[in-house]
Amino acid sequence: MAARKASPAYEIALRMLEKNKDVSYADVRAAAQKKGLSIFPIVYGRAKKALGLVDTSAAKKKVGKKKVGRPAKAATAGSAGGVVKRGPGRPRKNPEVSASAGIDSVIEAMRSNEAERERFRDVLVQIRDLINSVV
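Position one of the sequence shown corresponds to residue 0 (numbering that gives the first Met the number 0), numbered consecutively onward.
Check each hint, because a few of them may be wrong.
Claimed, not checked - Derived SDA-like pairs: lysine to any residue, alpha-carbon spacing no greater than 20 Å straight-line: (1) 33 - 14; (2) 48 - 34; (3) 34 - 6; (4) 4 - 39; (5) 33 - 55; (6) 18 - 53; (7) 34 - 14; (8) 47 - 13; (9) 4 - 15; (10) 47 - 23; (11) 18 - 45; (12) 33 - 50; (13) 48 - 25; (14) 18 - 30; (15) 33 - 23; (16) 92 - 111; (17) 47 - 37; (18) 47 - 26; (19) 20 - 4; (20) 18 - 56; (21) 20 - 51; (22) 47 - 10; (23) 18 - 49; (24) 20 - 7; (25) 48 - 92; (26) 47 - 6; (27) 20 - 9; (28) 18 - 50; (29) 18 - 29.
Said to hold, decoys possible - Label pairs and their computed distance ranges (CB to CB): (30) 55 - 115: 54 to 64 Å; (31) 55 - 104: 46 to 56 Å; (32) 116 - 3: 56 to 66 Å; (33) 125 - 90: 35 to 45 Å.
Source of the hints: derived by calculation from the structure; they are not laboratory data.
Ideal Cβ positions, reconstructed from N, Cα and C, are used throughout, including at glycine.
Start from the sequences and build out the full structure, keeping to the hints where you can.
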C-alpha cells in the first residue's frame, strides 16, 4: 500500500516551522493563502507536534484523568425528589408513577388519538367534496 502524501498546506506549515519555531499561525495562513491554499489551525498544530514543538504528554494526562472532589449533584431544586438530572434532550426518569396512573394515561392518549383521527377524517372528506365540486 502506498504511503499517503501530506497536503501542500501541511508542507508549508512544516517548512515554515522548521525555519522558525516561533512563527505564528497567522503568518503560516498568510503564506498558504498566497499560494492559493487554505490552512486550518489543526494543520498548524499537527505540524508543530510532528516537529516536537509542543508537549503532548500534558494533553494525554488530561484526557485520562478523572476529577476528584465533590460527588455529582443529585436533584436540582425544581426537579422531582431523588431523580438524577439527565443530559439535554433526555426525558427525566420518574419512578413515582404508579401502575394505575400509567394505565389511565394510556387510555387518555388512545382517546386523544381517536378524536384526532376523526378530525382528520372529517377534513379529508371536506377536501374530497371540494375537489369533486371543482372537477
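**OP:** Decide if the proposed pair is consistent with the structure: residue 33 and residue 55, CA atoms, cutoff 20 Å inclusive.
**Re:** The given pair, whose Cα atoms are some 31 Å apart, is violated under the 20 Å limit.
Subject >> Pairwise hint evaluation, residue 56 against residue 18, where the allowed Cα distance is 20 Å at most >> reply: This hinted pair is violated, its Cα atoms lying about 25 Å apart.
**OP:** Quickly compare the C-alpha distance for residue 4 and residue 15 to 20 Å and report which way the hint goes.
**Re:** OK: residue 4 and residue 15 at ~18 Å, within 20 Å.
Original post:
Has the given pair, residue 20 with residue 51, been kept, meaning a C-alpha gap of at most 20 Å?
Top reply: Satisfied, since the Cα-Cα distance of roughly 10 Å is no more than 20 Å.
Original post:
residue 47 and residue 13: Cα distance at most 20 Å?
Top reply: holds, 7 Å
Original post:
Are residue 116 and residue 3 spaced within 56 to 66 Å by their CB atoms?
Top reply: Holds, since residue 116 and residue 3 (Cβ atoms, about 58 Å apart) stay within the stated range.
Original post:
Is residue 48 within 20 Å of residue 25, Cα to Cα?
Top reply: holds, 18 Å
Original post:
CA of residue 34 to CA of residue 14, is that 20 Å or under?
Top reply: holds, 14 Å
Original post:
Are the Cα positions of residue 18 and residue 45 separated by 20 Å at most?
Top reply: Holds: residue 18 and residue 45 sit about 16 Å apart, inside 20 Å.
Subject >> Pairwise hint evaluation, residue 49 against residue 18, where the allowed Cα distance is 20 Å at most >> reply: With a Cα-Cα distance of about 14 Å, the restraint between residue 18 and residue 49 holds, given a limit of 20 Å.
**OP:** Quickly compare the C-alpha distance for residue 47 and residue 6 to 20 Å and report which way the hint goes.
**Re:** holds, 15 Å
Original post:
Between residue 20 and residue 7, is the straight-line Cα distance small enough, at 20 Å or below?
Top reply: Given that 20 Å is the threshold and the Cα spacing comes to 19 Å, the pair holds.
Consistency note: the structure conflicts with the earlier hints numbered 2, 5, 12, 16, 19, 20 and 25.
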